[in-house]
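Asks: If you read the sequences in order, they're chains A and B.
Counting the first sequence from 1 gives a position; this note's numbering is that position plus 70.
Counting the second sequence from 1 gives a position; this note's numbering is that position plus 599.
Simulated from the structure, these hints should not be mistaken for laboratory data.
Glycine included, C-beta positions come from ideal geometry on N, C-alpha and C.
Please note that a few of the clues may not be correct.
[Stated by the list, open to error] Quick list of in silico lysine-lysine cross-link-like pairs, DSSO-like style, CA-CA up to 30 Å: (1) K863/B - K233/A; (2) K896/B - K81/A; (3) K605/B - K620/B; (4) K726/B - K946/B; (5) K759/B - K107/A; (6) K771/B - K230/A; (7) K81/A - K95/A; (8) K229/A - K771/B; (9) K233/A - K726/B; (10) K729/B - K230/A; (11) K233/A - K759/B; (12) K1097/B - K95/A; (13) K95/A - K1084/B; (14) K230/A - K726/B; (15) K947/B - K680/B; (16) K863/B - K234/A; (17) K638/B - K1053/B; (18) K1027/B - K1121/B; (19) K123/A - K759/B; (20) K95/A - K1044/B; (21) K643/B - K684/B; (22) K792/B - K107/A; (23) K648/B - K620/B; (24) K107/A - K1097/B; (25) K115/A - K1087/B; (26) K786/B - K120/A; (27) K993/B - K157/A; (28) K1087/B - K978/B; (29) K771/B - K792/B; (30) K792/B - K229/A.
[As the list claims (entries may be wrong)] Each pair of labels, with its calculated beta carbon distance range: (31) S918/B - G83/A: 35 to 41 Å; (32) E689/B - T191/A: 57 to 63 Å; (33) N970/B - L183/A: 28 to 34 Å.
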Amino acid sequence: MLKEIKGRVWKLGDNIDTDLIYPGKCLPILDPQEMAKHALEGYDKDFPNKIQKGDIILGGSNFGCGSSREQAATSLKFAGISCVIAKSFSRIFFRNAINQGLALVQSREAYDLIEGGEILTVNYVSGEIITENRKIPFPPLPEIVMGILEDGGLIEHLKKSLKK
Amino acid sequence: MRIPKKEELIKLQAQYKTDRKIGEVLGAPAYLVAYWRRKKKILKYALPKYSFERIKELWEIHGDDLKAGRELSISKAAFYKWRRKYNLLEKPRVLKLAQLELSLPEMSKRFIRDKGMTIAQKGLSLKAGKKEIQVGEIVYVEPDLAMSHDNAGLVIRQFKEIGVSRVWNPDKIVIPLDHRAPAESEKTAEAHKSIRIFVKEQGIKNFYDIKEGICHQVVIEKGHILPGELAVGTDSHTTSYGCLGALSTGIGATEMAAVWATGKIWLRAPESIKLNLFGRLPLGVYAKDVILYIIGKLTVEGANYKSVEFYGDTVENMSVSERFTLANLSMEMGGKFAIIPFDKVTKKYLNNRAKRAYHPIYADQNAIYENEYEFELDKLEPQVACPHNVDNVKSIDEVKGIKIDQVLLGSCTNGRIDDLEIAARILKGKKAHPHTRMLVLPGSKSIYLEALKKGFIKTFLEANCVVLNPGCGPCLGAHQGILAKGEKCLATTNRNFKGRMGSNESEVYLASPATAAASAIKGEISDPREFLKR
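Pulled out of the complex, with its shape left as it was, chain A reads as follows (with noise of 0.2 Å):
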């Protein structure tokens, strides 16, 4: 079950679009973890690097604007980030972050009220934001959304589905 998320946070700008978080150039690449290493170089190139796992991304509006490439999900999640939270998601990452497990949070005021580098708790069950002096509530995702999420996956729902 997805309940608590925890780490620090990245805070990006607006419209960080998918050859910021995975350059093209980078799209024969295979293994997850070789993707990991690419994370968001095309915004810092450093990125990579300074990642620990468990971090958080809070972006902008628009986040993951562009290309269909999944591996902008795949290479985030692998290379530590637990969850992505912005004010609005383009509808392909969206998609492809669900599938890949990478959990995500829309939030209009969380950009707002939330720095870089602050440490918070994102709940799901109680649907809230929590920083060290206020909680910030979001609203659910739907339900067929969540049981992707909670499954790890695309790949591991429908590998129970398909079980059952």
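Model the placement of chain B on the given structure of chain A, informed by the hints.
Replies: Then chain B, alone, in the frame of chain A:
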């Protein structure tokens, strides 16, 4: 054939109305009649379709474009257009009964909401086998087409993870190789090889190896998607098939693996927005300028999660190729679907291509749109999307003079024969600037062949352009034409993100093929109209 006199033509027009019918009487094709008409300065319609009296009457009765338009079976925007033509700008002073109903909107509005569906709603409800479907509802549907390109390599990997041995329906899967074609690295070569083996094993007949062209172009050329059908593709620009009135959208590789395994995908019925485009485009202004202008206004997330429907005389007069450009770039404002409703232009395009029956979908007259926008385009100027977002759109005057190191003409956005034609027309007898490299990337083999036949390729080569094989390479910075630090490229493609075509410190500007050709000649961003004046 005798050319009719002006009076004669006017008489015929009064009797037969359209150019085609007049042509039939005179034994001349419609375009010739249109030509005579223009020469003799005769309007397209002898009599306006709706008289001043009729429009005035309806306006006075309803005082509302939507309601009045409904009586004539035309849209709200179309009625407004007529009203403006006749200068009926003020609300009617005398209140009529029909207007009073407007003050009791709750009941009637709800009634309408229950009935009307947009194209997206209708398409998804048909696929889901439901009579109607509400916006926001999630349905499981079986797509008519599942398209993948080079990333089929990743799809195959994920498919094998799921543990299903056969794909759900090999005939609905289409795989053209285009993104890194021919293979630019050993890794890609291995991926291509795995795809070739897989399609053989699974009996996937619609596999197009590197020779055929860009996936989206190949899909519509070969009739793999038809009006009213639903397509998913592992490429964001899958929205392009909306140019044929289809519902199509991009998904990721893992999701595609699930579609291959189960034949099903969940989709949420999206909100729809309606774009009404009016006016005849001026010289030197094309579909690319139109859609860049629109994205500039609506922003890069203006249509996120939404279905975009295009209407208006500008769109009606566009070819499938131009409509393709609209649908393709609608993705850049986040569109889930981008649909140009089926009409005679679509029908003609599909005449020799459609190999199965199809059922076009239209929106209900009373469909509910989240938003409606109107664009008057008869004074539009060439547009350029500046780094690093597609909505950073400026008029040509604001950016001309910026030095350009590379020009890229082509791609799925603007690599069709009309795109190459206008560029060739501008480049004919001229040379690309010595400091500017010009690359030409035709959309498909058949376009390449046609360009060859029409002499465009020769024109390009003589103008010192480099003609590449049909594919995607430079557009996404995969290979062929990667940009170095500090370089600027003007491209007819669809994305100008930071680092998109190479170095993170390079810049990409997006514009029409005409602007691209003009800029190549001058070595700086240039106004194509200077080269098109007669």
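Asks: Indicate, hint by hint, whether the structure satisfies it.
Replies: Status of the hints after comparison with the structure:
1. K863/B - K233/A: Holds: K863/B and K233/A sit about 17 Å apart, inside 30 Å.
2. K896/B - K81/A: OK: K896/B and K81/A at ~27 Å, within 30 Å.
3. K605/B - K620/B: Distance of about 17 Å is within 30 Å: holds.
4. K726/B - K946/B: Given that 30 Å is the threshold and the Cα spacing comes to 22 Å, the pair holds.
5. K759/B - K107/A: Holds, because 24 Å separates the two Cα atoms, which is no more than 30 Å.
6. K771/B - K230/A: holds, 26 Å
7. K81/A - K95/A: Holds - the C-alpha atoms of K95/A and K81/A are around 25 Å apart, at most 30 Å.
8. K229/A - K771/B: Status holds; Cα separation ~23 Å.
9. K233/A - K726/B: Holds - the C-alpha atoms of K726/B and K233/A are around 26 Å apart, at most 30 Å.
10. K729/B - K230/A: Distance of about 28 Å is within 30 Å: holds.
11. K233/A - K759/B: holds, 16 Å
12. K1097/B - K95/A: holds, 13 Å
13. K95/A - K1084/B: Holds, at roughly 15 Å.
14. K230/A - K726/B: Holds: K230/A and K726/B sit about 26 Å apart, inside 30 Å.
15. K947/B - K680/B: holds, 28 Å
16. K863/B - K234/A: holds, 17 Å
17. K638/B - K1053/B: Given that 30 Å is the threshold and the Cα spacing comes to 28 Å, the pair holds.
18. K1027/B - K1121/B: holds, 14 Å
19. K123/A - K759/B: holds, 28 Å
20. K95/A - K1044/B: Roughly 25 Å separates the two Cα atoms, so the pair holds.
21. K643/B - K684/B: At roughly 15 Å apart (the allowed maximum being 30 Å), K684/B and K643/B satisfy the hint.
22. K792/B - K107/A: The hint holds at about 25 Å.
23. K648/B - K620/B: holds, 16 Å
24. K107/A - K1097/B: holds, 19 Å
25. K115/A - K1087/B: Holds, at roughly 21 Å.
26. K786/B - K120/A: Distance ~27 Å between K786/B and K120/A Cα, so the pair holds.
27. K993/B - K157/A: Satisfied, since the Cα-Cα distance of roughly 27 Å is no more than 30 Å.
28. K1087/B - K978/B: holds, 29 Å
29. K771/B - K792/B: Measuring from Cα to Cα gives roughly 21 Å; hence the hint holds.
30. K792/B - K229/A: holds, 27 Å
31. S918/B - G83/A: 35 to 41 Å: holds, 39 Å
32. E689/B - T191/A: 57 to 63 Å: Holds: the Cβ-Cβ distance is about 60 Å, inside 57 to 63 Å.
33. N970/B - L183/A: 28 to 34 Å: holds, 29 Å
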